[in-house]
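Number of protein chains: 2
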Amino acid sequence: MGKWKSFLLVTVLGAVIWFLPVPAGLKPQAWHLLAIFVATIVGVILQPLPMGAMALIGITVCALTKTLTVPEALSAFADATIWLIVCAFLFARSFIKTGLGSRIAYMLMGKIGDKTLKLGYVLCISDLILAPATPSNTARGGGVLFPIVRSLCSAFDSEPGGPSARRIGSYLMVTQFQCNCITSAMFMTAMAANPLVTVLSKQVLNIDISWGLWALAASVPGIAALVLMPLALYKLYPPELKHTPEAKEMAALELKKRGPMTTAEKIVLAVFIGALVLWATSTITKLNATLVALLGVCVMLVTEVLTWKDILDDKGPWDTLMWMGGLVGMAGFLNKLGFIPWFAKTVSASIAGIAWVPALTILLVVYMYAHYGFASLTAHVTAMFPAFVAVAAAAGAPVFLAALSLGFLSNLCGGLTHYSTGTAPIYFGAGYVEQGTWWKIGFGASVLNMLIWVGVGGLWWKVLGLW
Amino acid sequence: MGKWKSFLLVTVLGAVIWFLPVPAGLKPQAWHLLAIFVATIVGVILQPLPMGAMALIGITVCALTKTLTVPEALSAFADATIWLIVCAFLFARSFIKTGLGSRIAYMLMGKIGDKTLKLGYVLCISDLILAPATPSNTARGGGVLFPIVRSLCSAFDSEPGGPSARRIGSYLMVTQFQCNCITSAMFMTAMAANPLVTVLSKQVLNIDISWGLWALAASVPGIAALVLMPLALYKLYPPELKHTPEAKEMAALELKKRGPMTTAEKIVLAVFIGALVLWATSTITKLNATLVALLGVCVMLVTEVLTWKDILDDKGPWDTLMWMGGLVGMAGFLNKLGFIPWFAKTVSASIAGIAWVPALTILLVVYMYAHYGFASLTAHVTAMFPAFVAVAAAAGAPVFLAALSLGFLSNLCGGLTHYSTGTAPIYFGAGYVEQGTWWKIGFGASVLNMLIWVGVGGLWWKVLGLW
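So the protein sequences, as listed, match chains A and B.
As numbered in this note's numbering, the first sequence has no gaps in its residue numbers, which increase by one up to the final residue, 715.
As numbered in this note's numbering, the second sequence has no gaps in its residue numbers, which increase by one up to the final residue, 715.
Source of the hints: derived by calculation from the structure; they are not laboratory data.
Since we're looking at a predicted model, the values are computed, not measured.
Don't take every hint at face value.
As the list makes no split between identical chains, a pair holds if one copy fits it or if it spans any two.
Below, simulated BS3-like cross-link-like pairs (lysine-lysine); rule was C-alpha separation at most 25 Å, straight line [to be verified]:
no., residue 1, residue 2
1, K363, K253
2, K557, K490
3, K563, K345
4, K450, K710
5, K557, K275
6, K557, K345
7, K363, K496
8, K251, K514
9, K557, K593
10, K363, K710
11, K557, K366
12, K563, K483
13, K584, K314
14, K483, K253
15, K593, K253
Let's have the full structure, built from the sequences with the hints guiding it.
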């Protein structure tokens, strides 16, 4: 759709909702905020302008129409979660800059990378190792691992757009991309919107999901998915090249070329382990996750592993600060002004009589596939998570079960399309997989994930006493 | 001073203050915040790391020591003033990108630029015209006008570092630099820290300085200074070339080469005039200055005069957001936790018995020349303005007089050194003026400014009824 058509659609949509009669039991202000919010989210999906611009326009309209005050509209820019994400980008930056991220991958590859399937697993394990401390799935999957995957493809003479694409490249690209979505789901600090899931769970249900609980609940279905996904893709979308003895040699060569770890790498590793330990023990130390991340960034600044110039050169943090700050601000007030509770009450009345198990299942399926309409996991979480989790809870689903299962699906849905999350355009854009195939694999992977996470996960969460 | 020495000094300084006995009547928390704040400001001056890094470390230490909570430490990132400055950088960006800024300068030059002195005035008038709507003096002086000044120098065969430097270059560089400080003082929206002056005046004295009052109070001394400064420099630091008939021709050529105004320039001009009108009438419309700026940015985004990429490519906004957000947060709590009122009470007791006129005069002189120790007008304002304005008020000086005169000097002190404000390293770094000369001129200009602003200004403010 053209820019102006999209703009017109967004504007008309917002205006129509704005001027609809305000439903009983709702403040006009809450309804008007909904109108601006829906228009902004549709704008973030259609992108007549980039997400950041749409979010900025959204909060400006909120302030201009006095739906929110200027301080309210800007409030989320001081949100600790937003700054955790900014720090996460800086962590990822230090991994990329010092080469620590690729060194870890090469080390794993050198040990067990002689078969294509193993190679797939090694890359996924690398992703898994990096996941807890790289809250941007895009930074991790796109910044650290993609360059390795891409150079591996070339090392095996597998180039995009030709007959050699299927040798190894196509397989590695889809496997790595899908597994990145799984590792994202496994830790609160493995994807930008996961802390947002916990913030919204607190806002809507008043529950505190700790880092440890998230990781524990995700561990069994996550490991099952990471074991099955590379294998399933190996069977259903096989690489032509199945044995890769060169991988070990290549990794050894790369590691030899690099020599021993540099001081910078050691510092980043120390910060990384330190942050992991502090994040994992935050319930004991009471140290705020953002404070831990800020401390890590300060250590890297003082030791000059990361310079201030690096920070300013990196556009990710600032872009994310803007669009996420704008959306989080609006989403927060959507709840504070009473829309979310009202919506949950209304929808829950309409699914009255259905037991919570089928109700939650329906909600999970709808939540997953609604992501065809989103270009950002965060936009999806911001727009749909509060309402869906509120409805699930109202239907009688145990609150932690509802919040966590929707939280996990908030990551897994990222595998559906080539625009679903930041890593998608990168891996798709490499050109090894055609769009139709990409979507079919995305759908297949989503079904596998649903079976594993809702099925195996459901049993595990029963064991944990979440329901 | 070396990086590690500076770091050590900053750390020791902070630790010494921290462990000094807390003065009676002060909460330990307020004293500890002072320790961190002073160390941060000294860090911002000595810069073992860039300002943004020092500010980030400062707020992290605040949160780590529980001197401030994490939300308190981050609070200023949602400050409307901070976002006004971010928008200002984006306004400046659009001026530079579309060429509207240099077109305005060429138009003025074409009309009255045939003599060097006139040329000096034309550049200053260009600066004055841009000043109300470009709240970054660095963006205006460095981004818009410096390229014109520098190319004018070359057009007159005046090159840095050799005997031709004095032909015209040296004169134009110091004149433009000094006049930028004067225009900065003339409008609340002409320098990044000016809105901060008003915020701090509100915090400390609970007075509202409107955009209109600022401009009115600054008008007479500002115009007097803009008339006298180019002339004084012309007499005391004369250019060798005094007649410049080429300027008119060059401007005409440049304007002809460009042809008529582009649509983009027209849009920026419309936004610029619109913002000016809305800023100037904000007391009537009740439109928040930040909202006006946000609206302007949105219009430029929608019309694609400014793209989202432009915004992310520009490092100024993000750098300033970080260091100013950090410092403003700390400075705000220095007041909220009671340090500023305590300090003002203590100092005012020590100047007890002195009438407010000599007391304010002493404060103004000390405030001006303290800037030898600062590398940023904002750091100066953040560190010294609250205490000084509180002391002046406690001594009996009329509150608006005290706030405004200190506010004006917060800009004028920017002319003292080659590191005093963002424009200084740019104009000095062009290489037309030696460091010793630069400092002498800086001191001379400061004396002239003091005489004009305190003398002529004092009379004008009497007429206005400010005292």
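Query raised in the report: Checking K557 and K593: alpha-carbon separation at most 25 Å within a copy, between copies, both or neither?
Result: Neither. Shortest intra-copy (50 Å) and inter-copy (42 Å) distances fail the 25 Å Cα cut-off.
**Report entry** Up to 25 Å CA-CA - K253 versus K363, copy category
**Finding:** neither (50 Å within a copy, 53 Å between copies)
**Report entry** Copy assignment of K584 with K314, given that the CA separation must stay at most 25 Å
**Finding:** For K584 and K314, only the intra-copy Cα distance (16 Å) is at most 25 Å; the inter-copy one is 28 Å.
Report task. With 25 Å as the alpha-carbon cut-off, assign the pair K557 and K345 to within, between, both or neither. Result -> Classified as both; 12 Å inside a copy, 23 Å across copies.
Query raised in the report: Is it within a copy, between copies, both, or neither that the alpha carbon of K251 lies no farther than 25 Å from that of K514?
Result: Between copies only: 21 Å across chains, 47 Å inside a chain, cut-off 25 Å.
Requested in this report: Evaluate K483 and K253 at a C-alpha cut-off of 25 Å and name the case that applies: within, between, both or neither.
Outcome: For K483 and K253, the Cα distance exceeds 25 Å both inside one copy (43 Å) and across copies (61 Å).
Query raised in the report: For K563 vs K483, is the C-alpha pair at or below 25 Å within one copy, between two copies, both, or neither?
Result: neither (39 Å within a copy, 48 Å between copies)
**Report entry** Homo-oligomer pair classification [K275, K557; C-alpha up to 25 Å]
**Finding:** neither (47 Å within a copy, 38 Å between copies)
Query raised in the report: Which holds for K563 with K345 at a C-alpha limit of 25 Å: within a copy, between copies, both or neither?
Result: both (15 Å within a copy, 19 Å between copies)
Query raised in the report: Which holds for K363 with K496 at a C-alpha limit of 25 Å: within a copy, between copies, both or neither?
Result: within (10 Å within a copy, 74 Å between copies)
Query raised in the report: Between K363 and K710, at a C-alpha cutoff of 25 Å, which is it: within one copy, between copies, both, or neither?
Result: Intra 37 Å, inter 87 Å, cutoff 25 Å: neither.
Query raised in the report: At most 25 Å between C-alpha atoms: does K557 with K490 qualify within a copy, between copies, both, or neither?
Result: Cα proximity of K557 and K490: none, with 43 Å in one copy and 42 Å across.
Hint violations for this structure: numbers 1, 2, 5, 9, 10, 11, 12, 14, 15, all remaining hints satisfied.
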